[in-house]
Each structure stands twice: as structure tokens, then as C-alpha cells.
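Colleague: Chains as they are written, first to last, in our numbering: chain A, 143 to 522; chain B, 846 to 1210; chain C, 11 to 343.
Mixed in with the good hints there might be a few duds.
Unchecked claim - Subject to a maximum C-alpha distance of 25 Å in a straight line, what follows is the list of computed SDA-like cross-link-like pairs (lysine to any residue):
| id | chain 1 | residue 1 | chain 2 | residue 2 |
| --- | --- | --- | --- | --- |
| 1 | A | K232 | B | G1177 |
| 2 | A | K232 | B | V1147 |
| 3 | A | K237 | B | K856 |
| 4 | A | K237 | B | A1156 |
| 5 | A | K237 | B | M1014 |
| 6 | B | K856 | A | E437 |
| 7 | B | K957 | A | S286 |
| 8 | C | K150 | C | R130 |
| 9 | C | K128 | A | D522 |
| 10 | C | K92 | A | I362 |
| 11 | B | K957 | A | A293 |
| 12 | C | K227 | A | D522 |
| 13 | C | K129 | A | K232 |
| 14 | C | K128 | A | I154 |
| 15 | C | K92 | A | R368 |
| 16 | C | K29 | B | V1147 |
| 17 | A | K237 | B | L1180 |
| 18 | C | K129 | A | T430 |
To be verified - Residues from chain B shown here face chain A by an in silico Cβ test under 10 Å; the list is partial:
| id | residue |
| --- | --- |
| 19 | A876 |
| 20 | S903 |
| 21 | V965 |
| 22 | G978 |
| 23 | G1028 |
Read the hints as simulated data drawn from the structure, not as lab findings. Don't be surprised by glycine CBs; every beta carbon is placed ideally from N, CA and C.
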Amino acid sequence: MQFDFQRLGALIRKETIQILRDRRFIMLFLGLTFVQLFVYSYAASRTVYHLPLAVVDQSQDSTSRAFVRALVNSQYFDATMYLGDEVQAKDAIAKGQVKAALIIPPQFAASVDQHAANFLMLLDGSDQFAVRSGYSAAGLVAESFGLQMSAESVALTGAIPSTSGGLPINTSTQILYNPDLNDKWFVIPGIIGMILQTLAVEQAAIFLVRDREWGIMEQILATPVRQLELILSKMIPLSILCLLAFGISVGLGIFWFGVPFHGNIFLYFWMALLFLASCLGLGLVISTRARTQFEAETSSLIFMLFGLLLTGLFYPRTGMPLIPQLIGDIAPLTYFLRISRGIYMKGVGLEFVWGDALILAIYTLIVVFISAKNFKMRLD
Amino acid sequence: MLRRTWAITQKEFIQLLHFPIVLIGLTVGVALELILFAFAIHNNVTHVPMVISDQSRSEASSSYLNAFTDSADFDIVAMVPDQAGVIRAIDSGQASIGLVIPVDFATRVQQKDANVLMVVDGSDSFDAQSAYGNAAAISQQYAISLAPQQLSPLESHIQILYNPDLEDMWFIVPGFGAFLLYGIALKLTAFAIVREREAGTIEALLVTPIRPIELMLGKMIPNLCVAILNLVLTYSVGMLIFGVPFRGSLLLFSALASLFAIGSLGLGLAISSVSQSQVQANQLASLTNIAVMFVSGFMFPVYNLPLILRAFGYIMPMTFFLPIVNGIITKGVGLNDLWTPVLSLAALTIIIFYFSARSFRQNLD
Amino acid sequence: MNQFAISATNLVKEFKANKSVVTAVNGLSLQVAPGETYGLIGPDGAGKTTTMRVTLGLLSRTSGESSVLGFDSMNDMYEIRKRVGYIAQQFSLPPTLTVMENMLFFAGIHSVSSEQQKKRIPELLEFAGLSDFTGRLAGKLSGGMKKKLALACSLIHEPQVVMLDEPTLGVDPVSRREFWNLLGNLRAEKGLTIFVCTPYMDEAERCTRVGLIYDGKLIVDDSPANIKRLIPGHLLEFTPSDFDAARKLCTALEGVLEVQTYGEKLHVFVDDVATRKTQIEAALTSRGITQDRLREIEVRMEEAFITLIRQHQESVELKGALPQKSEILGDVR
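Chain A with its partners taken away, still in its complex shape:
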């Protein structure tokens, strides 16, 4: 198969002019990227604050009220209802009016003094976020409240408190890269990748089919162009557009969402280009196999779903059974996610991401090769 740079150049020029003159396409492309970026970034968060809480305070003394205050002050809970007994509380949970209920038994203050107090927290087990958040929050607040109470009582009695304030082993924590465990810092580097993977795959998928359905393809086929030239000419201008969208998204991530960038920006963009090339190549493979735009669209939609759920973006890949793991292995995002998080958040360099980068490079070569082979230079 002969390859000619002049032909390639002419094809690239045509594609570029067509894209540049299609204002609507560019607006739509960029617009979609940014809308999705905003919606997903603001929605994606697992930390649950302000869980609606029903309070059944059967003690009604200063200690019990202090405990409720402690829970509310932690921001994890909002005391929205005050009820009489456990039955009412369960009912409120059943109705979905609250996600948790606190039952404080009578004589709370006295029991605390005697080191024999307890409370019951009911959690809505049908809501996984409420449960996880509520569980650890309740435990945390209870522990610190308890320690505070015992410290106070010790101070009152004049005894000497043990230095650690309770337990023989204490843990101090150092959280790397994202000290506040800000969800957005975690989500955004990944989301940008996901949005672009979806867009790149989809656009590449319909690109080829669109030309074919316009009858331009027949004219071009009657010339000496080769498959590889056609494939590359579709990929290169689109990569630039995607890289542009990527760059702006990263800019928004840094300056609007305030997620600090730690690594080498040049390396990051080279990796991004590699990632985009692999996504476009994948889209072209879909395109060469699809016969109508509908088929191409459906395939890319399914792929988008995979990209969302199986690449490790929001759900961990460790522990996935074999088939979902394998499917996730086919998505370029799985690899770019590690690269992106590595460079963006951890600030690591090539020595850590070269493995994934190499995989993406090989991936790109393979998909370009496959789509070139699949692309029929005839009408049937």
C-alpha cells in the first residue's frame, strides 16, 4: 500500500476547512464539553452533608441537647424533625422524610456521668450514601463527644487526665495531594477524560458515515487515495479540536473549580494527545464497521456507558469480576485515568506513567491499523 504525503496533505486541508467552516459543529462540540463538565463536576460527590435527621430526645437535658448540637455542628446532619418515639421515627424514615433518626434514652446526662450512656441511631439502609456517611459521621461525632465529656468530668473531679485522652494508640493522618478530600479535586481530572473520550469516539464514529451518506465518498474513492491516508486525515484535524476542548477544560478545572495542577503541563498535553488519538481511532473502528449513522451512534452510546462505569472513574476496578474488567481494559480512559490523576494530582513524571502511556500508544497504532484495513475502498 503506497502512502503519499501530498495526498494526505490535500485530505487534511479539506477536512480542516470543512470543520472550520462548520460553525455549528464547533459550537456544539465545545458547548457540549463544557456543559457536561459543569453538570458532572458539580453533581459528582459522595460526601454527604446535611442528612435530614429525626431526633427523638427522651431525656431533654443539657447533655442530650449538647449531643444533638454536636451532630448538627458537624455539618453531617440537619435536625429536621423532632418526634416522640422510635415508631414515629421509623415511620418518618419509611416515608423518606428523613434519612436517619437519633433516639436518646431517658436519663442521658446521668448515664454519661456514670460512663454507661448509649444512644441509638437508625439509618435508612436503602440509601447507600446516607448509610455510609451517616455511619462514620455518627461514630466520629459520638467518639469526640464522649471524649469531650470524659475530659470535662475529669477536669471537674480534678484527676489528672492521661496524656492521649483515652486510647493507648492514636492515629494522625496525612492525606496526600488532596488534604481536604475535596471531591472535585478528585473528580475533575477524570471527568475531563471521560467527556472527551465520549465526544471523540462519537464524533469519529459518525464522521466517516456522514461523508459516505453525502456521496462525497464516491467521488473521493474514484481517486488514488489510500485507506491510511483517509483515516489519518479524519483523525488529525479532529485531534486538534479535541485537544483544544481538553485544554480549555483543564483551564476551567484549574481556574474555575480551583483544582491545583501539580505536574508537568507539557507532559500532560502530550499524554492527552495520545489519549485523544486512541479514542478517535476507536471511533473510526466503530465507523468502519457501522453501516448507518444509527448503528454508529448506538455503538458509541454503549461505549459511553462502559466508559462511565467500568473504567475506574467512579467505581473502583479492583474487585470487578473478569468480564467487566476486560471490557474496562478496552477503554482508553482506563489508562488515561491513571495518567491523568498521576500527573494532574500527584505531580508525578514520565517514570511513573510510561507504562500506561505505552499501552495507549500501542492501542492507537492498533486501532488505526484496524480501521484502515476495515475501510473498504469500494462502495460495497
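Model the placement of chains B and C on the given structure of chain A, informed by the hints.
Modeller: Below, chains B and C alone, put in the same frame as chain A:
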């Protein structure tokens, strides 16, 4: 009027059956999707890779570390000499969490004054929180076991209703089934309407005495049947394979699920009415599909959503159907506990239908 | 061996659709000598476009042989594409590129060197009458101008053969004539071989040779003059007041070889003009049918084709292959 609607319905049924592949693909495909994803998605974080720097190397530290290895939550993947080594391991992605046990650990434990440093990979904040929480809990348990008398004066009892073992599947399957149904409904209507418009047969129909509303209904009914079939299949698969219990009333669920299906179909109708081509309809449908996942409360909690996104969620039937699904399946509650979401869903469905009928009619002209 | 510019031998092309097989081209053979203008004529669905596409290698051949300039359609696809200019039936040039950009694009993909480009592009634009429109978007050109641009783009690499599939379809008669004048100039100046599919009979007259394709086969393959000579008799034409009656009357008359309808006119083939003309006039008058302008006209390609197609069908019927067909309407353009 009924007769004309029935005629259209029959025609649509026949057309639908012309593509048995599409039908089979949809129903079987959906069941497969459910199985695939439900097995894959989980939030439980176990076997988290952990790196240790045990500078004490004493019996006390070994005993402490055993608490971690004994739990299934952590897998110790490396032992490094110092804190820098721990950080490097986390940098490279080899581990997500690390423990640094200081040299004087053993003596300090005797003095009830020991300190351990936990280094957490914050770049993965979703998992970091769980990992960190788990590790802290394990550490605390161990510490308590050493000094049982140093208990906090306050003992917490936490009772998890409905799903005490926190079975992941019970969280995922009900919601995911609804999500798949929504996707199907969108695809079906988009396919049905735009296909006709592109083929130009809509014009031929318009010359007949058919009224737009009859056309619309005629198209909806076969799709509704397919959607319901799908629903039954999906949830049966969910119950059988994943052992998710169905605690509520099947009848109530079917009725409300049909309501949801109608609302989703209506939404699909609206989308295809405003789309000028098959491609556009598909793109729009896919986008709302994904967006719904984010704002309806399925993937992420609704409480933290900023106002705009919350409002957007309120025009999606899924946002109201999710509490219904969870309510009936997992909580086992009845209608009198679900008034709020049911009424909201009903109201939303009516509104959607009104608008889609209007834009459908407008589009025909 | 192959001194022909275009050659097809027993060409067969089958399409598979769901469960049936459609044979679009059924054993077609033709040869086009270099420098000829060959016109492939036939009704819709006869197999013209398919023949052209298979010969070019745009469709795969089911069986038989086909080649262009000695290069086989299936095996030497790229060699053919280098030397042939083509305008597809549903051709489309990138609409968001300007006239000049389109020319540059096609020049580029045909590997035309930049010196050559500098010379040829202005020439071709001039030739096609598009010199003043270089900056206009291709999508905004009129139908006729689009065709001329397509022609210019197909000539940029100085091909030896030009294949055009219904190039003047849907174009106004004036532009059609201009287009054919251009083609004529091409042949005169450059000695190009031109292979054209056309449904227009008047265009067939301008070809060196014409092939009539029907049901995937060539019924006749000769120069226009020879084809017309195939038709026996002379042609009389008139407009009757009572169409059906006149038709029946004439068919039954002695010396009438054939009757064709042509809109509201009747075409009657007779063995001798002088005698039969008066006889027809008499017969019509006796039945009370008036007529308008009964006169002899020259046999045109249309009439020739109608006759030939009918003859072909009759012979096929005789072999028992086709059901009875009563008449062919003269509705070929």
C-alpha cells in the same frame, strides 16, 4: 377515534416486529447490561493495597499490623524503610494507603501514648474516605482491645434499617433497573418517530383523518408494552440472580413502574419532536441518559447538588421514581408512605405529556 | 492485446438483498476504442450506473472481465483511478469548500505537482467558465455550475479516460448544451476517451458509438447512424383528434410496419412514404378523424430505441422468458 388509534397501534406493532433483532437486542441486551454492571459496580472498598513502614519491628507493632492483615479490607503490598518510601509507593500507585510506625512504638504503647502516622492517597477521594475510615476504625478497635477500661462514656448503637449487611446489590439493582428502563424508553420513541419522519411516511399519514394525538398514542402503546416487558425481565433477573429481595407489593410496583415508563416515553417523544434527524435524537437521548444518572440520585446523593442541578433533576421522571423503587423493593412500604414521590411523578408525567404532545403537533405542521 | 480504452467481457454483477439476488448486469460486453465518445443509454434500473461502477472498480465484479486502459478493474484499481476522471451520478463535491479549494483538493489527491497546478487550474477554470467564481462555496453554485466544477475537478490530473454518469441530469437545456460543447472540445483538443451514461436521447446522437442497455444486457452497440438504419421503413408523424381510434386504425393498415405513441402524436412506420401517406389520410378521413400535420420525420434515436427494445422483448417472450407485454410507451426522454 379509538378505532383510528387502534389502527395506528396495530401498524406500529407490526413495524416493531419487523425488526425482531432490535426487540431481542433491547430486551436481552438490557438484562445482560444489568448483570454486567451490577456485578461490576460496587462501592465497598476491600483489599486496598497498603504499604507499611515498620520502624519499630517489635512484637507490639507486629501485633498491631496483624489487626490490619486479618481484616479483608487491606492487603499489605510492600514494606519500606521510611516515610519517604511510603510516599513514593503511593506516588507510583502501588499502594493507596500507608502506615508509618515510629521506632519507639513499643515503649510508647506501654505508656499509653503511642502514635501512628497514616498516609492516605487523596487523589482518589471516593475510595480514600472509605479506606481512611476503615483503617482508623481498625486502629481504634485494636487500641480499645488493649485498654478496655478506657472506653468512651458514650456507647453508640447504630442500626441500619432494611439492608443491615449493606449488600451492594440491594443498592444497585433497583435503581439500575429503573435507569435501564429509562434508556430503553428513550431509544424506542426516538427510533419510532424520527424514523418515520425521515422516511417521509408522516406526510402520507397526515393526509388521512388521523389526529396528532391518536398518532402519538398509537406509537406509544406498543413501545409501552415493550418497555414493560423489559421491566419485568430486568427485575426478575435482578431478583433471581442477585438475590435482591422484593419486599413490597408487586401490583403497586407494576402500576407505578408503568407510570414511570409512560413518563419516560413522553420524554422520548419530546426529544424526537425537537430533533431534526435521527442522529440528533440519538445524541440528545444519550446525553440525557447520562445526565440523569448524575442528577437523579442514582450515582451520587441528591443532597449536595447545587440548585440548578436539583431543578434539572426535578424535570426527570427518574428522580421521583428512584425513591419509589427503593421504597417498594428495599423498604417494603406501601402507597401511603410514598405519596410525595408518587404525586410528583404523576404530575411530572402529565406535564411532560402535555408539552410533548404540543411540540409533536407543532412539528407535524 | 488490449488496445481498447475500456473493455468489458461477459460482465456480471449481482447484488444480494436480504434473501434475494438481484442481477443488475447480466453478461454485458462492450469495447471502447481510445478517442471515442461512447454513450450508454437505457431506462432507469437497466444497469448503466452499475456497469460504470464495476468497470471503475467501485463495485466488486461477480464474474466476467472488465478493464480500463488494460488495467483490470478488480486487481489494478489504483492504476485505473490514477488515469480516469469520474463524475458520479449522485456526485457531491465538498460544499463548504470554495471552487478554488475544490480544485486544489482534487489536484492534491491526484498528486499533481505545483507547477502543473499553476498551469492547469486556471486553464480548467477558464474552460469551465468558472474563473470569476473561484471564491464561491461549491454548495452555493447553481446546478449547472456544480456539474462544470465536477468536470473541471475530474480533469485536473489530465486523465486519458473520462467516465461520466448522467452528468447532465436535472440541468436546464442551455447548460446541457454548453456541457456537451465542452466535452466536444475536450475530445477535439486532447483526444480523450469519453464514456457517458445518459438518459437523454439527443445526447446519444452526439456520441461516436452508442450502447443500448436493457435488463442488464446490451441490445445494440453501434454508431448512431447505423442504429437508425436498423429501423425498417420511414417515419410518419401526426396528431390525431381521436387518439385511440387512430392508433387502432393505423395498426391495421397495410404497409404499416409499426405504430408508436409519442405524447399526443402518433409515429407510424411505413414501407413507402408516398403511397402510405395518402392511404393513411384517406383512412382517417373516412372514419371522421382529423389530423394535424401529417409528415415524414427523420428517425431519431428515441424511435430507434423503442423499436429495438420492443423487438428484444418480443424475442425474449418467444423464448418464453417474459410474460406478455402489450406496448411500450414512448416515454423515453
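Colleague: Against the structure, test the hints numbered earlier, and report the numbers of the ones violated in rising order.
Modeller: Hints 3, 9, 13, 16, 18, 19 and 20 contradicted; others consistent.
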